[in-house]
Amino acid sequence: MNGGMMDESALVMESRFVDDGIARLVLEAPGIAAECRPGQFAMLEPSPGAFPVTRRPLTFSGCDRSAGTVSFLFDVVGKGTSLLSEASPGDRIRLLGPLGRGYDITPGRWLLIAGGMGAAGFPFLLSRTGGGLVLAGMRSSRGIGCLPAGSRLATEDGSAGVRGLVTDLLVDIDWDAFDSVAVCGPAPMMKAVVLAAPRSAAHRIQVSMESGMGCGWGVCGGCPVPSSGGGYLSCCRDGPVFRADCIDWERV
Amino acid sequence: MKAPGRPSIPASFWGIPIPGPVALASGTCGFGIELAEMNLLDDVAFVFSKAVTPEPRDGNEPPRIYDTGMGLLNSIGLANPGIEKVLSDVLPRAASIGRPLVINVAGATVEEFARTVSALEASGVHAGYEVNVSCPNVEAGGMAFGVDPSEVGRVTRAVRRETDRPFAVKLTPNGGDMVRAAQEAEAAGADAVTVCNTFLGMKIDWRTGTPVFRRGVAGYSSPALLPLVVAGVWQVSSAVGIPVIASGGVREASDVLELLSAGASLVQVGTGVLRRPSLPSEIAAGLRELLCED
Ligand SMILES: Cc1cc2nc3c(=O)[nH]c(=O)nc-3n(C[C@H](O)[C@H](O)[C@H](O)COP(=O)(O)OP(=O)(O)OC[C@H]3O[C@@H](n4cnc5c(N)ncnc54)[C@H](O)[C@@H]3O)c2cc1C
Ligand SMILES: Cc1cc2nc3c(=O)[nH]c(=O)nc-3n(C[C@H](O)[C@H](O)[C@H](O)COP(=O)(O)O)c2cc1C
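Chains B and D, in that order, are what the protein sequence lines are. Just so we're aligned, residue 1 is where the first sequence starts under this note's numbering, counting upward by one. Just so we're aligned, residue 253 is where the second sequence starts under this note's numbering, counting upward by one.
Rather than coming from a laboratory, the hints here were simulated on the basis of the structure. Any given hint could turn out to be false.
Said to hold, decoys possible - Here are a few chain D residues that face chain B, going by a calculated C-beta distance under 7 angstroms:
1. THR280
2. ARG316
3. ASP319
4. ILE328
5. GLY471
6. PRO475
7. LEU477
8. PRO479
9. ARG527
Heads up, the beta-carbon is just placed ideally off N, CA and C, and yes, glycines get one too.
Hey, can you work out the whole structure from these sequences and the hints?
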C-alpha cells in the first residue's frame with residue numbers, strides 16, 4: 001500500500017513542547033500533505049547524522065493541504081523522539097510518507113477511543129469524519145490539553161475527569177448508536193476495549209496498532225501483528241489501522 | 253596478505269553489466285518490487301532477495317526490531333512465504349523490476365538448501381543465488397552452518413549440484429573462521445562469497461533482567477561496523493580467487509570506495525536502505541562527485 005510514498009526534506013515550521021515531555025512538530029511537506037489520510041503515518045529521520053540508525057514512525061496529527069503542512073504530536077520517550085523534539089524552525093527533517101493504510105472513513109456517527117498519546121491522530125481523523133464522540137484514558141492530567149475539545153476523560157490518578165481507565169467510560173456507551181469506532185493506544189488498552197465491546201460491534205471497530213518498525217514501507221518484516229487467520233500481518237503495510245476482528249487478541 | 257589497492261569501479265559482475273558497484277542486501281529490500289514501483293533501482297547493480305526457505309515461515313514472535321540508537325538489532329526469523337508461493341506469486345511480480353535478482357536461500361539442513369535451489373530452478377526470473385549459511389544447522393545442534401568450514405563446503409557442494417547459475421555463499425562473522433569458510437566455498441564450486449551477515453548482538457532490559465528478544469540474541473548491523481567488514485573483505489579477498497561481495501555498514505559513497513579498495517567486487521547496502529530507500533542513488537551521486545574530484 002506504500003506505492004505512493006515520498007521522501008521529502010521537510011522544513012520545520014513549528015517545534016515546541018505542548019506539555020511536560022510532549023512535543024509538537026509542524027513540517028512543510030507539500031507532497032505528503034496532499035496525499036496523507038487519517039491513520040496513516042510517516043517515518044521521520046531523527047538526525048541527519050548516522051545515528052540513530054532507523055527512522056521513527058509517527059502518525060499524522062493534522063494536515064493543512066493549502067499550507068502544505070503536516071503536524072505530529074509525540075511523547076519524548078527515547079533517543080529518536082528526543083532528537084526530533086530538539087528541531088528548530090528552519091531546520092529540515094527527512095520525512096517518508098504517507099505510509100500504511102489509514103482509517104476507512106465511512107459516513108455516520110463516530111466513536112473515538114484513545115489511551116494516552118494514542119489520541120495524537122484524532123484531530124486529523126475528526127477533521128475528516130465531521131466530528132464524533134471522543135473518550136480518552138490518561139495516566140494523569142499531563143497531555144489533556146492535546147485532546148480534542150469535548151472529550152470525555154478518565155485519569156488513573158483522578159486528577160481530571162473520572163478516576164479510572166478508559167474502559168470505565170465505556171459503561172455508558174450505547175455501541176449501536178455509532179457506525180464506526182476508532183481505537184488507538186497501548187496494546188493492552190486496545191485489547192481491553194475490544195474485549196469490552198459487544199461481538200456485534202467488532203466489524204465496526206478499527207484499531208490503530210503499534211509496533212517497533214525498521215523501515216515503515218513493508219520490506220524488513222520487523223513489525224508483525226498477530227493475525228486472527230494465523231501467522232502475522234505487517235503493521236506498516238497491512239495496517240497500522242486494522243479491523244478489530246482481523247487481529248488475534250490472544251497473542252497481542 | 254595482498255596490499256589494499258586504489259578502488260576501481262566494476263563495469264560488470266558475473267558477466268552482467270552493472271551501472272555501479274552498489275547492490276541491495278538480503279532482507280532489507282524484499283524482492284525489489286517496492287523500490288521498483290518508486291523507480292529507485294536505476295543505480296542498483298543487483299537485488300538480493302529476502303531469504304527463501306522450503307516451507308512458509310511466520311517468523312519470530314515480536315519484537316523483531318530494536319534500534320539501540322547506535323545500531324540495529326533484528327530477529328526476523330526468516331519470515332517468508334516458502335518456495336511454492338515465491339514461485340507462484342512473488343517471482344512473477346519480481347520479473348519486471350528490471351534489475352538482476354539473486355535469491356537468498358536458507359535451510360535447516362543441507363538437504364533443505366538443495367531442495368530450495370532445485371525447486372527455484374523452475375523459474376527463469378533470477379540470475380543466481382546467495383546461500384545464507386548464517387542460519388542454524390539443525391543437524392549440528394543448531395550452530396550456524398557458517399561457523400564450521402567443512403559444513404560450508406557441504407552446503408556449497410549440494411547447491412552446486414542443483415544449479416548452473418552463479419551463486420555466492422554468504423558468510424557469518426560469528427564464531428567461525430571466515431577465511432577458511434571462504435576457501436571451502438571456493439573449493440566446492442561457489443562463484444562468490446559475501447562478507448558478511450550481521451554480528452551477534454543482544455539487548456537486555458536491566459531493570460527487569462530480561463532480554464528484549466525472545467531468542468535472546470539477534471543480528472546487529474550499524475555503520476560503526478564498517479571497519480570490521482573492511483577487515484573481513486580484505487582478509488577473505490586475499491585468500492580466494494572468486495569475487496568478494498561486501499555487506500555491512502555502508503552509509504555513503506566513501507564507504508563503498510573503501511570496500512572496493514579492500515578487495516570487494518560488489519557492495520551491498522542493507523540497513524541504510526531501510527532508512528533511505530533512495531540510498532543507492534545518493535551513493536551513485538556521491539561516487540560521481542568523489543571520483544571527479546580525484
Ligand atoms: C504507526 C505508528 C504511529 C505512531 N505514532 C505516534 C504518535 O503519533 N505519537 C507518539 O508519541 N508515538 C507514536 N508512535 C510511537 C513512536 O514511534 C515511538 O515512541 C518512537 O519510535 C520511540 O522512539 P525513540 O527513539 O524516542 O525511543 P526508543 O529509544 O526507540 O525507545 C523508547 C522506549 O521504549 C523502549 N523500547 C523500544 N523498543 C522496545 C522493544 N522492542 N522492546 C522493549 N522496549 C522497547 C526503550 O527502551 C525506551 O524506553 C507510533 C508508532 C507507530 C508504529
Ligand atoms: C531486517 C534485516 C533482515 C535481514 N534478513 C536477511 C536475510 O533474510 N538473509 C541474509 O542473508 N541476510 C539478512 N540480513 C543481513 C543483511 O543482508 C546484511 O548482510 C547485513 O545487515 C549487513 O549489512 P548492512 O550493515 O548494510 O545492513 C538482514 C538484515 C536486516 C537488518
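Against the structure, the hints:
{"no.": "1", "hint": "THR280", "verdict": "holds (6 angstroms)"}
{"no.": "2", "hint": "ARG316", "verdict": "holds (5 angstroms)"}
{"no.": "3", "hint": "ASP319", "verdict": "holds (5 angstroms)"}
{"no.": "4", "hint": "ILE328", "verdict": "holds (5 angstroms)"}
{"no.": "5", "hint": "GLY471", "verdict": "violated (12 angstroms)"}
{"no.": "6", "hint": "PRO475", "verdict": "holds (5 angstroms)"}
{"no.": "7", "hint": "LEU477", "verdict": "violated (11 angstroms)"}
{"no.": "8", "hint": "PRO479", "verdict": "violated (14 angstroms)"}
{"no.": "9", "hint": "ARG527", "verdict": "holds (6 angstroms)"}
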